[in-house]
Amino acid sequence: MSTWYILPNGNIKHLSGLELQPEKDWFPTDASMDAFADAQRAAGKPEAEIIRMMMVLAIDCEKWARENLA
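Residue numbering for the sequence shown follows the working numbering, beginning at 254 and increasing consecutively.
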């Protein structure tokens with residue numbers, strides 16, 4: 254089972270809620286980035302770890318898209 258799915262608007266969303274925008278260099282949407290960061294803060298994650306997690310997810314999403322949508 255994949256942890257990614259494609260939305261009707263063309264964005265790709267992770268089960269964690271982070272929604273990435275391929276046409277905007279894989280940047281997350283503002284709303285999903287805020288929600289993701291808030292959830293991670295509530296779980297006790299430090300800011301640096303939250304940023305690292307978002308970067309890793311963006312790289313993973315781009316790789317998933319190349320492998321599954323080409």
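Hint data in this document are derived by calculation from the structure and do not stem from the laboratory.
There may be inaccurate statements among the hints.
[Claimed, not checked] Below, computed lysine-lysine pairings styled on DSS-like, alpha-carbon distance capped at 27 Å:
no., residue 1, residue 2
1, 316, 266
2, 277, 316
3, 316, 298
4, 298, 266
5, 266, 277
27 Å Cα cutoff - pair residue 316, residue 298: Cα-Cα ~25 Å, so holds.
Pairwise hint evaluation, residue 266 against residue 298, where the allowed Cα distance is 27 Å at most: Measuring from Cα to Cα gives roughly 21 Å; hence the hint holds.
Hinted pair residue 316 and residue 266, Cα distance within 27 Å: Holds: residue 316 and residue 266 sit about 14 Å apart, inside 27 Å.
Satisfaction of hint between residue 277 and residue 266, Cα-Cα up to 27 Å: Since the Cα atoms of residue 266 and residue 277 sit roughly 14 Å apart, the hinted pair holds (cutoff 27 Å).
Hint consistency between residue 277 and residue 316 [alpha-carbon to alpha-carbon, up to 27 Å]: Between residue 277 and residue 316 the Cα gap is close to 16 Å, so the pair holds against 27 Å.
The structure fails none of the hints (numbered hints given earlier).
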